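Protein chains: 2
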Amino acid sequence: VKTVAIVGVGLIGGSFALALRKAGFDGQIIGVSSPPTVERAQSLGVIDAAAPLQDAAARADLIYLAQPIQQILETLGLLGTRARKGTVITDAGSTKTLICERAADAIRHAKFVGGHPMAGKESRGVEEAEADLFRGRPYVLTAREPHLEKWIEAIGARLVILDPVEHDKLVALVSHLPQLLSTALAVVIGDHSAASQVAGPAASDLTRLALSPYEIWRDIFATNGLSIDAAFAAFIAKLESLRLQLRSPEMERVFDKAATSARALRKTS
Amino acid sequence: VKTVAIVGVGLIGGSFALALRKAGFDGQIIGVSSPPTVERAQSLGVIDAAAPLQDAAARADLIYLAQPIQQILETLGLLGTRARKGTVITDAGSTKTLICERAADAIRHAKFVGGHPMAGKESRGVEEAEADLFRGRPYVLTAREPHLEKWIEAIGARLVILDPVEHDKLVALVSHLPQLLSTALAVVIGDHSAASQVAGPAASDLTRLALSPYEIWRDIFATNGLSIDAAFAAFIAKLESLRLQLRSPEMERVFDKAATSARALRKTS
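For the protein sequence lines, the chains are A and B, in the order given. If you want our numbering, it's the 1-based position in the first sequence plus 6. If you want our numbering, it's the 1-based position in the second sequence plus 6.
Please keep in mind that the hints were generated in silico from the structure rather than gathered at the bench. Predicted, not measured: the structure shown is a model, and the values here were computed from it. Do not rely on the hints blindly, as some may be mistaken.
Identical copies carry no separate label here, and so any pair may be met within one copy or between two of them.
As the list claims (entries may be wrong) - In silico lysine-lysine, DSS-like type, Cα no more than 25 Å apart, as pairs:
| # | residue 1 | residue 2 |
| --- | --- | --- |
| 1 | LYS127 | LYS8 |
| 2 | LYS263 | LYS273 |
| 3 | LYS127 | LYS273 |
| 4 | LYS127 | LYS263 |
| 5 | LYS156 | LYS91 |
| 6 | LYS244 | LYS8 |
| 7 | LYS91 | LYS28 |
| 8 | LYS244 | LYS28 |
| 9 | LYS273 | LYS8 |
| 10 | LYS28 | LYS8 |
| 11 | LYS28 | LYS127 |
| 12 | LYS28 | LYS156 |
| 13 | LYS127 | LYS117 |
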């Protein structure tokens, strides 16, 4: 890989550029973003040059799409026949099935491999980019690709290979469902104005995600509806069963099972 | 108040004793607990003396029940006619309706006022007790009582007066429901062994409460079944409506409402 095009130079795209540099990448990094963004990214030393999508695509060996999901879907259409044979295209979108399907339809000569770095921050934008954002965090690829795998390991991420459908099912459970539970809980508590008087750390912990902006989530809901619906169904069924078991001795076993699962999540994440 | 009896000298009872001292209480503090516990509490300087319940009750102007809920219910029966007229009895149990009903039946001469300090820590025991545990935290009383109010304010807590039934409804929403959501989520995620590979901070945040020990919760479920069931019903109805609205523009308004509620919880807690 000699030339990398980062399409969408925000928190994730910018961090990937910085991480590549830190890991010893000595080729050129071209940014594709709005004029004010590429200007900031250049002045921060995140990218070496700026170019329009088609120019950057024609020159790059690796094209990294770090835009919101809907824009990734559009960019894949625009890249179509423009990306060269031998070029690898990957993305950083939070859902994978629709993106991989679109890529299979649209991309002619280049090779597409879906990606999802499980990393982020509360604030966004290229100013927040950091070289160590991916370090120690899972980084999903939807297929094996040696060049990409090499760089993902070099930036310190933990490579996980997952089929796109399986990825979307799992993130529906560990990411999309938690967001919706937090949002629903905040709304239910908000319906009882006196409740905040007695709220403690439990309510704060569980409503932190409810502060997330809707813009990120709109695209996720639009592109992972089936898996999220299945996660809702599994969760509501579990709640209904806890509701019936609430005062039964069986709850002790449920608490044990939950604590085992919660500890396992802490070991790997 | 010249003599205080702390019944159950653990994290909460011990912290109340230390907080009273720090706030200038210069009377005697008698501990009622198992022999090893009162020994540790005395060597830590948390209590001045140890006595059996009946002795301590006969001497105290303020009796502070900081036991698990089921033991508070039993202690109220034992105190019955023993606590003197002029003595105030209060408790620190997490649910209030059943405790206040039992006190109304059992306590003859003394005055009972239910209490619930919204404070705690992950570890328990008198070794964990600290004078500032209640500082800045809500402290619910189920009725006004000038002497008790004076000390609750002196230890830096934020006094909230709530009817027992209203208290139990509100804590079902802000404390018991979050616990059950966290437990249910951990179980649902645990059912998918591959999920921990892609789990990030969202899953960690929402499953932290699932690490709580069942012993505390058994009594809460046993004594607040109706309010918890109502909280389950409201939450499941909200989830079902989000499930239907998932891909509709209405979700933007839901996210706004949730963020407003989550911010309000952070202002007061």
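Here is how each hint holds up against the structure:
1. Taking the closest pair of Cα atoms, LYS127 and LYS8 never come within 25 Å of each other, the shortest separation being 29 Å inside a single copy and 54 Å across copies.
2. Taking the shortest alpha-carbon separations for LYS263 and LYS273, only the intra-copy value of 16 Å comes in at or below 25 Å, while the best inter-copy value is 34 Å.
3. Taking the shortest Cα distances, LYS127 and LYS273 sit within 25 Å of each other both inside one copy (21 Å) and across copies (22 Å).
4. Only between protomers do LYS127 and LYS263 lie at most 25 Å apart by alpha-carbon distance; the minimum there is 22 Å, versus 30 Å within a single protomer.
5. Taking the shortest alpha-carbon separations for LYS156 and LYS91, only the intra-copy value of 20 Å comes in at or below 25 Å, while the best inter-copy value is 79 Å.
6. Proximity of LYS244 to LYS8 under the C-alpha cut-off of 25 Å is found in neither arrangement, the shortest distances being 51 Å within a copy and 51 Å between copies.
7. In the homo-oligomer, the alpha carbons of LYS91 and LYS28 never lie at most 25 Å apart, since the shortest distance is 28 Å inside one protomer and 75 Å across protomers.
8. For the homomeric pair LYS244 and LYS28, neither the shortest alpha-carbon distance inside one copy (45 Å) nor that between copies (46 Å) is at most 25 Å.
9. Taking identical chains as interchangeable, the C-alpha atoms of LYS273 and LYS8 are never at most 25 Å apart, the minima being 37 Å within one chain and 51 Å between chains.
10. With identical chains, the CA atoms of LYS28 and LYS8 are at most 25 Å apart within one copy only, with a shortest distance of 15 Å there and 67 Å across copies.
11. Within a single copy, LYS28 and LYS127 get their C-alpha atoms as close as 20 Å, which meets the 25 Å cut-off; across copies the closest is 41 Å, which misses it.
12. Taking identical chains as interchangeable, the C-alpha atoms of LYS28 and LYS156 lie at most 25 Å apart only when both belong to the same chain, with a minimum of 14 Å there against 60 Å between chains.
13. Taking the shortest alpha-carbon separations for LYS127 and LYS117, neither the intra-copy value of 30 Å nor the inter-copy value of 53 Å comes in at or below 25 Å.
In this structure, the earlier hints numbered 1, 6, 7, 8, 9, 13 are contradicted, and the remaining ones agree with it.
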